[in-house]
Structure formats: C-alpha cells, structure tokens
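Protein chains: 2
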Amino acid sequence: MEYRKLKDQDEDGNSAADDLESLRGKPLSVAASLGGGPVDRKWKRKSIVTLALTVLTSSQAILIVWSKRAGKYEYSVTTANFSVEALKCALSLAALARIWNNEGVTDDNRLSTTLDEVIVYPIPAALYLVKNLLQYYIFAYVDAPGYQILKNLNIISTGILYRIILKRKLSEIQWAAFIILCAGCTTAQLNPSSDHVLQTPLQGWVMAIVMALLSGFAGVYTEAIIKKRPSRNINVQNFWLYVFGMVFNAAAIVIQDFDAVVNKGFFHGYSFITVLMILNHALSGIAVSMVMKYADNIVKVYSTSVAMLLTAVVSVFLFGFHLSLAFFLGSIVVSVSVYLHSIGKVR
Amino acid sequence: MEYRKLKDQDEDGNSAADDLESLRGKPLSVAASLGGGPVDRKWKRKSIVTLALTVLTSSQAILIVWSKRAGKYEYSVTTANFSVEALKCALSLAALARIWNNEGVTDDNRLSTTLDEVIVYPIPAALYLVKNLLQYYIFAYVDAPGYQILKNLNIISTGILYRIILKRKLSEIQWAAFIILCAGCTTAQLNPSSDHVLQTPLQGWVMAIVMALLSGFAGVYTEAIIKKRPSRNINVQNFWLYVFGMVFNAAAIVIQDFDAVVNKGFFHGYSFITVLMILNHALSGIAVSMVMKYADNIVKVYSTSVAMLLTAVVSVFLFGFHLSLAFFLGSIVVSVSVYLHSIGKVR
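Quick mapping for you: the protein sequence lines, in order, are chains A and B. Residue numbering for the first sequence follows UniProt numbering, starting at 1 and increasing by one per position. Residue numbering for the second sequence follows UniProt numbering, starting at 1 and increasing by one per position.
This is chain A alone, in the form it adopts within the complex:
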C-alpha cells in the first residue's frame, strides 16, 4: 500500500520527461534514501508509482499465464471485474480514513463532492465499457494473436490524444521515441503467424483504430479529470472513479451473468489465483491513477511497455518460455526509446 504513504501535493503538470528515470533502475536506491527538497520528493513519488505500475503490470500478465495453465476460467469475468472495482473503492476509503485520522477532514480530502466535480467521473468508465463491447465484435475480423498486435495502436493514439486534448508537448526526439516504442513493442510480440494481421479486412482496421482511440481517450480523459483539481486528494478522486466503475460493472453482471450468479453464487469458481488476480488488478488500477496524478499517460505507456518485456523475461524462468529473435530486437528498440524519451525533454 505504498500509495497511502504519499502526501498529496500540487502537480506542476509538465514534467513527464524525467519520470522515465524510474524505468532505468534508479528509483529504488533513491526512494530508500531519506529527506530532500520538494523537487526530490516529487521525483521520488513519481518514481515509486511508476515502478509500482511496472511491477504490478508485469506480475498481472504472469498471473494470467499461470491461471491459464492451471485450467480454464471457472469464475464469471463480470463478477471478478466488479470485485476489482469494489476492492479499489475499499482501499481508497481505507487510505482516506487514515488521512482523516492524521490530518483531519479538509476541503481537499473530504468525500462529499459537487455535481460539477463528479459529473465527468462516469465518462472514462463508460468509454472502457464501449471499448470492451467492441472487443467482442472485432474477433469476427481478427484472431487473438492479431488483436494483441493491433492493441499496440493504443501507444500511438495515446500520444496523439495526449498532445491534442491535454495540449502537452513532446519534443521531436520524444515523438521519434514514441513511434519506435510502438514499433518495438509490436516487434517483440511477433510470432510466425503474425503476418495474418496484414490480411485484416478494412472493418477490422477501423474497429481496431476506434478501440485504440477509445482506450487512449479514456486514459487521457482520466488524467484530465485527476489533474483538473491538483490539490484534491487522489484517494477521493479514485473513490469516485471506482464508484462509477462498480455501477457499470454491476450493470454488466445483470446483463451477462445474472442467472449464473443467482444459481451458483457470486464467488462461484473463485480459486486462490483468482483472488490474487483480483488483488493485483485492484493495485494496478490504483497505480495507474497514481501515475495519472503524479506523472502522465506517456509514463503509463512506457511503464506498461517495459512491463510487457519484463513479463516475457520472467516467463522464461517461471514457465520455460523461449525468447524469439524478434523479442530481442524489439527489446533493444524499446530500451533505446526509453533512453531517447529521457534525454529528449522539451527545453
């Protein structure tokens, strides 16, 4: 629960560039040292949340592989999603309770809100819902490995929407780095059947692009919501985000799995791995929010890209996976991209 220790602070809102340091191994030692000025504290906080997101995301993928090896999904995915949102809500409330105890209730950390503040909170959850619905239809045009490849379009859409909606600038070197990040991630995921994706019909491409835009927009919009009120406590902001997440996922349960839940029970088929996955998803979700608050969407994309590579390397040891030449080449390109992003700050 690293995030509960973090104090809320104003966000300068334009210092994404040096966050990437955290992906190059420095943060652990720095985070361990004590003291330092406000810049130091900010940098430390960014590093910690970015590192947390990277580790959580890579362990997420490993849990998925593990659960697949252990057998089929026995539980209903909609109840698991609801549980994740509920757990995130509970964790945010627990964090808030602690803060209220220590600092008392202030304007920034009180739970009550205004319509003006809360009205935008359902939008990201709604966008993700639409994207998840589309996901069922895109498989009519693209197979699952092809979909994994096309998902890398998210990187480009996030970069473009970050520029257009948040009006934040990347330097030309950072743009170049972002393009090769997308190419490198895709390269690392290539397998002998990847070329099928080139036969994707136009409808498949359009849906993939729409999904990438929805996903990118949801991410960028979440950042906009969270950063709009810099002094507002992140746990309050998270609480309201997750409340709407619960509402949308409750609707999904009713529509898709109502009978199963009534007949077999809400937690039917949950195993130890299922609980671990829910816990991991909840913590990852909170880490994403923290990265949005203290860093930005670009850092999030780099963090999850590096996590994808870490997952593959860890899978070699855990599951005896073989790394392909394409993976090595993609990893080199992603590493250079991280380096270029960090040296290419807007001056």
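Errors might be hidden in some of the hints.
Identical chains share a label here; the pair holds if one copy fits it or two copies do between them.
To be verified - No more than 30 Å apart at the CA atoms, straight line, and that leaves these computed lysine-lysine pairs for DSSO-like:
hint	residue 1	residue 2
1	42	264
2	345	68
3	151	264
4	151	167
5	167	345
6	169	345
7	68	227
8	68	228
9	227	44
10	131	345
11	167	264
If you are wondering where the hints come from, they were derived from the structure by calculation, not from laboratory data.
Add chain B to chain A, keeping to what the hints say.
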C-alpha cells in the same frame, strides 16, 4: 558517370551528420538547381554520391534476384570479381584522362605515386580477401538466412571502429539512432526461420563477429586512406585501390578457377544479366569510394540500409514479393533512425 563531373575539393572531415538529408528526398531537386557557395557545392556532391550509392546498391540486389530467377550462376565468380575490379580501374583512368585534358597534370591528379602513399592501399583488399575466405567456413555453423541476419553486426562494428580508428564523434542521439538502425535492419529481414540464428554455436558467433570487425575495419581503413590526402584526386586514389583489387582477384582465379578458365575461357557462361551485374558492381564500388571521400562510413551504412528497404519494395512490383509485418516494423525503425541521425548532429 556522375562522378567525373565532380571536382576534387578539401574535405572538412567532420560533417557527416547532414548527409543524411540526401536519404530524405531533397537531393534531386537541390542537385538540379544551379550555383551556390562552396558549402552548397559540398552538400550537393555528398548528396549525389549518397543517392547514387543507394540506387546502385538497391538495383544490385534486384539484379541478384533476377539472375537467380534466370537460373544458376554459369560463370565463375572469381572472373566476375576480377572484371569488376578491372572495369573500375578503366573507369578511373577514363575519368583521369578527361581531367588531365581539362586541367592539365598536377601534383594532385598525377598517377605516379610514392611508396609512402601506395603502401597502405593493399590493406583493404587483403582484409576483404580474409573476410571472404572466412565466409566459406562460417557456413559450417550458420545457414544462409542466418548469415544474412548476422551480417547486420557490420553496422555496429563499423560504428565502433569509426569512433576508435577515425576518432570521429557521434552524439548520444546518433549512437541511439545507430543501434536502432541495426535492430531495424535485422527486424526487416526476419522470416519465420530466423530464430535458428539463436542456436548458432559459439564458434559461429566468434566468426560472425570477426567477419563484422574485418569488414568494418576494411571500410574504416579505406576512409582513412582516402581522407589522409584530402587534395589528392579521388580517381587516382581509386585507381591504386582497384589495382590491388585486381591483383588479389587474379590470385583468387589462379587458386580456385584456373582449370575452368583455361578450358572454357575467361568469359564462359557470361549472360546479359552477368554483364549488367558487373557494370552495377563496378559503379557501386566507385560510389562507395566517393562516399568515403566526400561523406563517411556512417553515411555508407545508412545508404546501404535504406537501399535494402528499397530493394524489398521494388521487388514487390517486379517479382510479386510479399512484405511481412516485420518488414514494415523494421522500415519504421530504420526511417526513425535516419531522422534521428540527421537531427542529432554533434554541436
């Protein structure tokens, strides 16, 4: 014979960075415009030789595919190599004759030389000979497609030797660009069986690295020889380089194909395509020398890398080749590398 029109000029020896402009489509229009100062002329000359090398190298590969489609090699490779060297010698002499006619014989363009000048000229030819001999042995450890992949190590070895031997600096962005150039070229050449290369035994890796170093060293050493006397006419320098090329290739004929040449004749099995290939190799060889004189090894590497991509694209139209997803990804990475190299100049 574009190169005959180029006048010899002093070389500033440290302006590789902007040559890459020529790979981004500008040179044709600029080369067509008249006039301009000495900087303009230098830039024009660099652009023309770089463009010539790119076009010649890509058409070289296309001729090879064409000749393979037309049937097996009927001619002896050693006589073809000798013919290339002889043709380059003849072209250099023809260019010199023209210059002597126009400008008279000077210290810089006279053919006669000193032992001090000429003693280093056999070295590149000897290095290439050793490399070509090794080539026969490496196939005991690596298959032909794997060898194509490993040849990309040349890019890295050239960069390192360029830094160490010529003591020329690349900026950190240019180094990053060079690393992704190597990764991008390799990615573009990936095919479903490329992963075999990861099973290459240690001996194979050692030989591949030695060959990359020999090839890189030969290239860098040629540049050092040619740039050592900036005012010396390039056609004289080429003449002496190619004379030793003829000597080494004559030795190769005697060792490998003496009987065949005596019994069937020197030009046995030559077809129209063979003649075209010899002409193309000769012109490409001269273009390489010109790039060494007026640009450098880094430009040469970029030029041949872009040529590799051009070849593949042209082959789609000529031979109905299919481009793989890996090719697209590699091309994106190579393009970004070209861009980064050009904006990443040492200041």
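- Homomeric proximity label, residue 167 with residue 264: Cα distance no greater than 30 Å: For residue 167 and residue 264, the Cα distance exceeds 30 Å both inside one copy (49 Å) and across copies (74 Å).
- Query: Given identical chains, is residue 42 near residue 264, meaning Cα to Cα at most 30 Å, within a copy, between copies, both, or neither?
  - Reply: neither (48 Å within a copy, 80 Å between copies)
- Query: At most 30 Å between C-alpha atoms: does residue 345 with residue 68 qualify within a copy, between copies, both, or neither?
  - Reply: neither (41 Å within a copy, 50 Å between copies)
- Query: Checking residue 169 and residue 345: alpha-carbon separation at most 30 Å within a copy, between copies, both or neither?
  - Reply: For residue 169 and residue 345, the Cα distance is within 30 Å both inside one copy (10 Å) and across copies (22 Å).
- Message: My question is about residue 68 and residue 227: at a cut-off of 30 Å on alpha-carbon distance, are they close within one copy, between copies, both, or neither?
- Response: Neither. Shortest intra-copy (38 Å) and inter-copy (62 Å) distances fail the 30 Å Cα cut-off.
- Item | Intra/inter-copy verdict for residue 227 and residue 44 if alpha-carbon distance must be at most 30 Å | within (19 Å within a copy, 51 Å between copies)
- Message: Within, between, both or neither: how does the pair residue 68, residue 228 come out at a Cα-Cα threshold of 30 Å?
- Response: neither (40 Å within a copy, 64 Å between copies)
- Message: Within a copy, between copies, both or neither: which one fits residue 131 and residue 345 at a CA-CA cutoff of 30 Å?
- Response: The answer is neither: 32 Å in one copy and 43 Å across copies each exceed 30 Å.
- Tell me, please, which holds for residue 151 and residue 167 at an alpha-carbon limit of 30 Å: within, between, both or neither? within (24 Å within a copy, 44 Å between copies)
- Message: For residue 167 and residue 345, with the copy left unspecified, which applies at a CA distance of at most 30 Å: within, between, both, or neither?
- Response: both (16 Å within a copy, 29 Å between copies)
- Query: Between residue 151 and residue 264, at a C-alpha cutoff of 30 Å, which is it: within one copy, between copies, both, or neither?
  - Reply: Classified as neither: same-chain Cα gap 34 Å, cross-chain 61 Å, threshold 30 Å.
In summary, the numbered hints that this structure violates are 1, 2, 3, 7, 8, 10 and 11.
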